[in-house]
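Chains as they are written, first to last, in the numbering used here: chain W, 28 to 142; chain E, 26 to 138.
Since the hints were made in silico from the structure, they are not lab data.
Quick reminder that beta carbons are idealized off the backbone N, C-alpha and C, glycines included.
One or more hints might be untrue.
[What the hints assert, rightly or not] The calculated DSS-like cross-link candidates involving lysine-lysine, where the alpha carbons are at most 27 Å apart (straight line), are: (1) W/K63 / E/K125; (2) E/K135 / W/K45; (3) W/K36 / E/K125; (4) E/K93 / W/K36; (5) W/K68 / E/K74.
[Unchecked claim] Taking CB as the label site, the calculated pair distances span: (6) E/S105 / W/S86: 43 to 49 Å; (7) E/N86 / W/P35: 45 to 51 Å; (8) W/P96 / E/I85: 29 to 35 Å; (9) E/A26 / W/Y78: 23 to 29 Å.
[Stated by the list, open to error] Some but not every residue of chain W turned toward chain E, in silico, with C-beta under 10 Å: (10) P69; (11) E71; (12) K80; (13) S82; (14) F91; (15) Q131.
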Amino acid sequence: DTEVTQTPKHLVMGMTNKKSLKCEQHMGHRAMYWYKQKAKKPPELMFVYSYEKLSINESVPSRFSPECPNSSLLNLHLHALQPEDSALYLCASSQGGRGLYNEQFFGPGTRLTVL
Amino acid sequence: AQSVTQLGSHVSVSEGALVLLRCNYSSSVPPYLFWYVQYPNQGLQLLLKYTSAATLVKGINGFEAEFKKSETSFHLTKPSAHMSDAAEYFCAVSTSGTYKYIFGTGTRLKVLA
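For reference, chain W alone in the conformation it holds in the complex (with noise of 0.2 Å):
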């Protein structure tokens, strides 16, 4: 299985509502990201989870939390969004380690709308 998948596909939330974006992989790899992407850029890394440790939060605001439940499942808990927040947003994984390369395969995205 060389698949990442996410759910829900789309989400339409107010700026009152609490969320989770979900993201599964079951190829093994011990690394997984979240990812924002705006249209018509490329994506923006959010936060890296490393052996289900939080390895890379990238200044995101703490409306956005990421969890790690086991080290197929990476999760992102939303609260209290803006309109601005509204985006595709992507899960990734990779093997890990911070050795050699970090491939990183993603899934479909999840399409939120902040209303």
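Put chain E on the given structure of chain W with help from the hints.
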């Protein structure tokens, strides 16, 4: 510090014509280089990667790229464009010991019938 430059935010080619998408990188250490394709409202799919083995890299869907250290380039080519190649293409650079990709700004490829 690393950086990636993709010249041409939009490229149009006729169906059957050569596709050439340009990527130049800057890195103080040996780089790993990747080309990804993104179709509308989808994730990124890896086309090919350079990981310090062969300098001419063949990927999926008939694409290939050549790593040229002297020119700090990793241009993506395909001999004959197909309508299904219309998409956004991203070049990315990484180095050993890091989780971060540095992405280029992307090139939107349009294929004309």
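Here is what the structure says about each hint:
no. : hint                       : in the structure
1   : W/K63 / E/K125             : holds, 14 Å
2   : E/K135 / W/K45             : violated, 39 Å
3   : W/K36 / E/K125             : holds, 25 Å
4   : E/K93 / W/K36              : violated, 39 Å
5   : W/K68 / E/K74              : holds, 21 Å
6   : E/S105 / W/S86: 43 to 49 Å : holds, 44 Å
7   : E/N86 / W/P35: 45 to 51 Å  : violated, 29 Å
8   : W/P96 / E/I85: 29 to 35 Å  : holds, 33 Å
9   : E/A26 / W/Y78: 23 to 29 Å  : holds, 27 Å
10  : P69                        : holds, 4 Å
11  : E71                        : holds, 9 Å
12  : K80                        : violated, 12 Å
13  : S82                        : holds, 7 Å
14  : F91                        : violated, 18 Å
15  : Q131                       : holds, 7 Å
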